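Q: Spelled out from the first residue to the last, the chains are:
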Amino acid sequence: MMRDSRVRRLPMALSALVALALAVVPLPGALDALRPDFLVLVVFYWSIESPRAGGLALAFFAGLALDVIKGVVLGQHALALTLMAAWATHLRLRLRVFSVLSQSLTIFAFLTGYQFILFWIDGATGNPVTSFSRWLAPVIGAVLWPFLAGALGRLHER
Amino acid sequence: MVAFRNTDASGRTTGLLLRCVLYSLLALGLIIVDKRYDHLGKIRRFLSIVAYPVQLAVESPFEGWNWFRESVTTRDALREDKAKLESELRLAQFRLQRYEALEAESQRLRALRDNTAGVTDHFIIGDVMDVDLDAFRERVLIDKGARDGIFVGQAVLDSGGVFGQVSRVEQLTSEVILVSDPAHALPVQINRNGLRTIAVGTGDPSRLKLPYLPTSADVVVGDLLVTSGLGGGFPAGYPVGTVADVKRDPAQSLAEVDVRPAAALDRSRELMFVWLKPAPALPVPAAAVTTPAAKSTPQPPAKIAPSPAKAAPPGVSHP
Chain Y
1 MMRDSRVRRL PMALSALVAL ALAVVPLPGA LDALRPDFLV LVVFYWSIES
51 PRAGGLALAF FAGLALDVIK GVVLGQHALA LTLMAAWATH LRLRLRVFSV
101 LSQSLTIFAF LTGYQFILFW IDGATGNPVT SFSRWLAPVI GAVLWPFLAG
151 ALGRLHER
Chain V
159 MVAFRNTDAS GRTTGLLLRC VLYSLLALGL IIVDKRYDHL GKIRRFLSIV
209 AYPVQLAVES PFEGWNWFRE SVTTRDALRE DKAKLESELR LAQFRLQRYE
259 ALEAESQRLR ALRDNTAGVT DHFIIGDVMD VDLDAFRERV LIDKGARDGI
309 FVGQAVLDSG GVFGQVSRVE QLTSEVILVS DPAHALPVQI NRNGLRTIAV
359 GTGDPSRLKL PYLPTSADVV VGDLLVTSGL GGGFPAGYPV GTVADVKRDP
409 AQSLAEVDVR PAAALDRSRE LMFVWLKPAP ALPVPAAAVT TPAAKSTPQP
459 PAKIAPSPAK AAPPGVSHP
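Read top to bottom, the protein sequences are chains Y and V. Counting along the first sequence from 1, when you hit position 101 you're at 101 in the working numbering, and nothing is skipped either side. Counting along the second sequence from 1, when you hit position 287 you're at 445 in the working numbering, and nothing is skipped either side.
What the hints contain is simulated information worked out from the structure, not anything from laboratory work. Only a predicted model underlies this, so the values are computations on that prediction, with no experimental measurement involved. Beta carbons: idealized from backbone N, C-alpha and C, even for Gly. Treat the hints with care, as some may be off.
As the list claims (entries may be wrong) - Pairwise CB distance ranges (calculated):
1. Y/Ala57 x V/Arg305: 50 to 60 Å
2. Y/Leu101 x V/Val379: 51 to 61 Å
3. Y/Leu155 x V/Ile190: 17 to 27 Å
4. Y/Gly150 x V/Pro211: 40 to 50 Å
5. V/Gly390 x Y/Val143: 41 to 51 Å
6. Y/Ala57 x V/Asp306: 34 to 44 Å
7. V/Asp285 x Y/Leu31: 21 to 31 Å
What the hints assert, rightly or not - Here are the simulated lysine-lysine pairs, DSSO-like style, with alpha carbons at most 27 Å apart:
8. V/Lys200 x Y/Lys70
9. V/Lys405 x Y/Lys70
10. V/Lys200 x V/Lys302
11. V/Lys302 x Y/Lys70
12. V/Lys302 x V/Lys193
13. V/Lys405 x V/Lys367
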């Protein structure tokens with residue numbers, strides 16, 4: 001925690017870039033709806049483990065990158081990600097001592113909140129996506145969380 | 159408020175709530191400005207150039223794999239392909255001979271009616287990039303953009319028929335909304351009897367629907383739908399699809415008609431971007447034809463509806 005913040009920025013930027021690429025990597029049709037929000041999970045990880053390295057700026061710009069690369073209204077993912085990352089940062093001290101299961105459940109709540117904000121903005125800007133399958137991504141993201149956190153933790157420790 | 163003011167390990171107050179509110183307001187402002195006003199086009203274009211390397215990086219392994227697969231095809235397969243392509247080319251050329259005669263005839267007839275030509279001319283080919291935009295919307299990303307003269311609303315075809323239209327243009331890329339997107343509607347005409355209606359996407363790339371036909375409408379399974387050219391975005395006469403199913407419920411006033419799209423919406427990789435042909439040599443005032451603006455702009459006037467009702471070439475209406 002007390003290490004030089006410049007050292008921590010490189011793994012953060014790298015993982016965010018890879019996650020951004022994973023957000024648009026082509027998947028076969030059926031799997032596409034199940035794609036977890038990798039970048040969101042990565043932002044949550046850095047918000048919890050090392051909020052000073054990226055903080056809310058990371059969340060905001062990662063969201064903006066998602067907006068641009070997915071071609072939706074600018075600010076949509078940025079808003080959702082900023083709010084949820086702020087929540088995660090606020091709860092980080094408690095989250096760090098949670099068991100794996102409770103951590104996953106909390107992440108599920110964050111991801112659902114994130115999807116809900118996206119859903120709300122989709123509706124407010126006039127192209128609602130009412131398909132039920134969009135609510136599957138939080139479940140998969142929460143299941144994936146322990147593995148992702150483990151992998152990022154290894155990257156972080158080095 | 160107090161709960162949100164955390165003290166960091168280094169003893170610095172982070173003011174999380176304040177920053178959260180600031181960033182959220184910034185994001186909300188972006189949403190509103192992007193949605194309500196069209197001022198963000200330039201910012202978007204710049205950001206998309208920044209995002210382009212990521213998109214390329216995502217695409218390149220798939221491109222590489224395709225290249226590899228193509229380069230290790232056997233000689234036999236290539237010969238087979240060649241024979242097939244040659245026979246197809248022969249057939250196409252045979253058809254083209256007739257097409258040119260027909261086009262010339264159509265031009266003559268239109269000139270007689272003092273109308274602009276509706277037959278399309280200029281194409282460029284764009285490749286679909288291997289990038290998934292959104293699982294829940296029928297859109298694709300194309301590797302041609304504002305640099306190549308693509309514009310919003312431009313008609314996009316594939317070898318089978320109408321594919322969609324350009325919904326967003328960046329500097330190097332553009333986004334095409336497919337005819338099967340639920341938010342897309344296309345003015346069409348039944349080729350057999352000229353009945354006009356609107357084809358709406360369903361979200362399923364193998365199905366469109368015609369929701370506005372009365373139960374008494376003359377439509378049967380197998381009817382070919384072509385673009386009607388009304389609305390001005392699309393050139394008239396391109397195949398959209400064939401009627402696959404007609405359900406007539408006597409209790410309802412509208413029939414349920416399913417259409418199988420002519421374009422391979424989920425398979426095509428090369429798409430054609432169409433510019434409507436500029437007016438041919440018609441008796442228009444010379445000054446209107448040789449305006450520098452009309453010559454230098456890479457976009458021929460694409461918004462002219464090829465319908466006889468709006469038969470005014472650009473520049474003629476205001477001398």
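Q: Work down the list of hints and note, for each, if the structure agrees.
A: A quick look at each hint next to the structure:
Y/Ala57 and V/Arg305 have their C-beta atoms about 31 Å apart, which leaves the hinted 50 to 60 Å range violated. At about 55 Å, the beta-carbon gap between Y/Leu101 and V/Val379 stays in the expected band of 51 to 61 Å. For the hinted restraint 17 to 27 Å between Y/Leu155 and V/Ile190, the CB-CB distance of approximately 38 Å leaves it violated. At about 29 Å, the beta-carbon gap between Y/Gly150 and V/Pro211 misses the expected band of 40 to 50 Å.
Distance hint for V/Gly390 and Y/Val143: a CB-CB separation of about 50 Å, consistent with the stated range 41 to 51 Å. Checked against the given bound of 34 to 44 Å, the beta carbons of Y/Ala57 and V/Asp306, roughly 35 Å apart, stay inside it. Roughly 23 Å separates the CB atoms of V/Asp285 and Y/Leu31, a value that falls within the hinted 21 to 31 Å. Between V/Lys200 and Y/Lys70 the alpha-carbon distance is near 17 Å, which keeps this suggested pair within the 27 Å criterion.
Among the hinted pairs, V/Lys405 with Y/Lys70 is inconsistent with the structure: their alpha-carbon atoms are about 37 Å apart, more than 27 Å. Pair hint V/Lys200 plus V/Lys302 holds up; C-alpha atoms about 17 Å apart against a cutoff of 27 Å. A C-alpha spacing of about 17 Å is found between V/Lys302 and Y/Lys70, which places the hinted pair at or below 27 Å, so the restraint holds. Restraint check: the Cα-Cα separation between V/Lys302 and V/Lys193 comes to about 24 Å, which is no more than 27 Å; the hinted pair holds.
Distance restraint check for V/Lys405 and V/Lys367: the Cα-Cα separation of roughly 11 Å lies within the 27 Å cut-off, and the hinted pair is therefore satisfied.
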